[in-house]
Every structure is written in structure tokens, then in C-alpha cells.
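Letter 33 of the sequence shown, counting from 1, is numbered 33 in the numbering used here, and no numbers are missing.
Calculated directly from the structure, the hints in this document are not laboratory data.
Glycine residues also receive a C-beta, built at the ideal position from the N, C-alpha and C atoms.
Fair warning: there could be bad hints in the mix.
Distance windows between CB atoms, simulated [to be verified]:
1) E6 to D26: 43 to 49 Å
2) E3 to P23: 50 to 56 Å
3) L4 to P28: 25 to 31 Å
4) A33 to I5: 15 to 21 Å
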Amino acid sequence: MSELIEVRSVLTQAETIYHEFGPVSDKPLVRGAV
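Using the sequences provided together with the hints, build the complete structure.
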């Protein structure tokens, strides 16, 4: 079954969020995805 799926690349993303539709926060949020 492993021959049916071949992973060709992996994307990793991280972003720093200082504010989202509101006032600027003291400590920025960090959001990531793989």
C-alpha cells in the first residue's frame, strides 16, 4: 500500500501575529502549519 503514495515535498510555515482585528497584543502569537 505504501507504493501508492509518494511524498515529494513537505512545506513548513510559521507566522508571527501581532494583532488580528483588534488592539496590538503585548506578546505576539506564533501560528504554524506543516
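Okay, the hints, checked on the actual structure:
1. Between E6 and D26, the C-beta spacing of about 45 Å keeps the proposed range 43 to 49 Å intact.
2. Taken as a hint, the range 50 to 56 Å holds for the pair E3 and P23, whose Cβ atoms sit roughly 53 Å apart.
3. Checking the proposed 25 to 31 Å range against L4 and P28 shows it is violated: the Cβ atoms sit about 42 Å from each other.
4. Between A33 and I5 the C-beta distance comes to about 20 Å, which sits within the given range of 15 to 21 Å.
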